[in-house]
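Colleague: One-letter residues, chain by chain:
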Amino acid sequence: MLEPRDILETIRMIQDEHLDVRTITMGISLLDCIDPDIDRACQKVYEKITTKARDLVKTGEDIEKQYGIPIINKRISVTPIALLCAACKGGDPVKFALTLEKAAQTVGVNFIGGYSALVQKGFAAGDLELIRSIPQALSQTTCVCSSVNVGSTKAGINMDAVKLMGEVVLKASELTADRDCIGSAKLVVFCNAPEDNPFMAGAFHGVGEADCVINVGVSGPGVVSAALQKAGDCSISDLAEIIKKTAFKITRMGQLVAWEASQRLGVPYGIVDLSLAPTPAIGDSVAHILEAMGLEQCGAHGTTACLAMLNDAVKKGGVMASSRVGGLSGAFIPVAEDAGMIAAARSGALSIEKLEAMTAVCSVGLDMIVIPGDTPASTISAIIADEAAIGMINSKTTAVRLIPAIGKQVGDELNFGGLLGTGPVMRVNSRSPERFIARGGFIPAPIQSLKN
Amino acid sequence: MKKAVLTVIGKDMVGILAKVSAMCASHNANVVEVTQSVMQEMFAMIMLIDISALNTDFSAMSDHFANLGKEMGLSIHVMHEDIFNSMHRI
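From first to last, the protein sequence lines are chains A and B. FYI, this note's numbering numbers position 200 of the first sequence as 200, with every residue one higher than the one before it. FYI, this note's numbering numbers position 42 of the second sequence as 42, with every residue one higher than the one before it.
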């Protein structure tokens, strides 16, 4: 029997607390599109994507109506394009980016991810060409997202790639300086990148995946925050219980949507990503959850502890609610996409150093952080290296999405609009890591025992 | 039997139940259960309707109810019962 109380709770979550499914992402393998002739490869890519994802947007909209749940994004992730580049010697990889853009627009999705390379243990054919073309590709497209995996717990960190990515991030900003440096907001540098992540900008379809799958990313920081505010003065153990129960409900909804989408599209269901993904909307902030736990503002001492508890409780509640869990699964802390983080960065309560500590206990990394435009490429590389080291040692995914704000300084802001939000330029330590980054080479894979 | 939950929330006025049930009938949705309460001036109704034999598709019906809600200044939602079952039952 349905209880009126439960029905009204669900409606309140959707109406007042921003409960939504953040994304239905269709993962499509492009391995069967590999061709030595780049134009023929592009043609095959276009045909495969527009065939497989033809009904994705319509199906998403129908499910929204049937269950009354907003599904914010419909997206596509594809096989890392560097694998396709490997076969076409001398071809310009940007052709693939333009093809992905055209296919995404034909089927009407919001973003398409997979302009990617996996180079944690070295560069194979196609990798360097693709990485060097990223700034051009991102400046000539609007919905293509790019990612590069530079490290892993099993392989260590490719410091040549880290050095290169500092330059690529800066270049991506420079080429889009007239558009609030949006290029680098669509570029993620990973350590331990997941192969089934439905969230952008880091989504790609791993080589171990099936030909086509449906992955769903849930959201719901507003629901957790509202539940904690209602709880009043209780102990931390009680808060953890509340978060678990709320995460369970949110994830069940995601599981239902994933299952329904997979049935309707005739595509296997991949995973549900148990994530608290904030948006710049008021009442949809992860920072506000931490503040509801009792911090004056996000960034205060205690923030890392609160975030660790939140992240763990979300996973505990979510795992039981879903038959298959994967992706990034945890709380996201993208500064520009979270009203509470934006406020904390503006007021100076939140620094990059504190964010780095927070990434050791939550789902991703230094995400959507705007830095001064005159930050040297070597400093960006060093930030990437620090973050990759946290991921490598702790056997978790970490990512870096920094946006150098060309021509801007601390105190200025970039405005990306929509879900990407607004980013105040944050202070970066000005001491130089130049010599360290110039060395190149590899940080060897870490030992997995003697954990202290 | 496939069922949906229809909720109506808003200021109480003459004819809410009549208009909502007329619209159910026009889509060939049978009303299985109704619970309603009026507190002060607020009207809240939850209806369980059978949608196995709808004469339109679900999205069209959901749009019609949303429009009716707008006309009457009420918040009307129709949602498939599975969402409540999955969120509130283990």
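It is worth saying that the hints were derived from the structure and are not from the lab. Only a predicted model underlies this, so the values are computations on that prediction, with no experimental measurement involved. Hints should not be assumed to be uniformly reliable.
Unchecked claim - Lysine to aspartate or glutamate pairs mimicking EDC-like chemistry, simulated, CA-CA at most 20 angstroms apart: (1) A:K65 - A:E17; (2) B:K3 - A:E3; (3) B:K2 - A:D233; (4) B:K2 - B:D57; (5) A:K65 - B:D57; (6) B:K3 - B:D63; (7) B:K3 - B:D50; (8) A:K95 - A:D32; (9) B:K3 - B:E33; (10) A:K396 - B:E33; (11) B:K70 - A:D160; (12) A:K245 - B:E41; (13) A:K58 - B:D50; (14) A:K48 - A:D62; (15) A:K65 - B:D50; (16) A:K58 - B:E33; (17) A:K451 - A:E434; (18) B:K3 - A:D6; (19) A:K65 - B:E41; (20) A:K44 - A:D62; (21) A:K244 - B:E81; (22) B:K2 - B:E81; (23) A:K65 - A:E101; (24) B:K70 - B:E41; (25) B:K11 - B:E41; (26) A:K154 - A:D6; (27) B:K2 - A:D92; (28) B:K3 - A:D62; (29) B:K3 - A:E9; (30) B:K2 - A:E3; (31) A:K48 - A:D211; (32) A:K58 - A:E101; (33) B:K11 - A:D16; (34) A:K58 - A:E47; (35) A:K44 - A:E3; (36) B:K3 - A:E64.
To be verified - Chain A residues, not near chain B, derived (Cβ > 12 angstroms throughout): (37) E64; (38) E241; (39) K249; (40) H301.
Using N, Cα and C, we set each Cβ at its ideal position, and we do this for glycine too.
Colleague: Check the structure against each numbered hint from earlier and tell me which ones fail, lowest number first.
Modeller: Checked against the structure, the hints that fail are numbers 3, 10, 11, 12, 13, 14, 16, 17, 19, 20, 21, 23, 26, 27, 35, 37 and 39, while the rest are satisfied.
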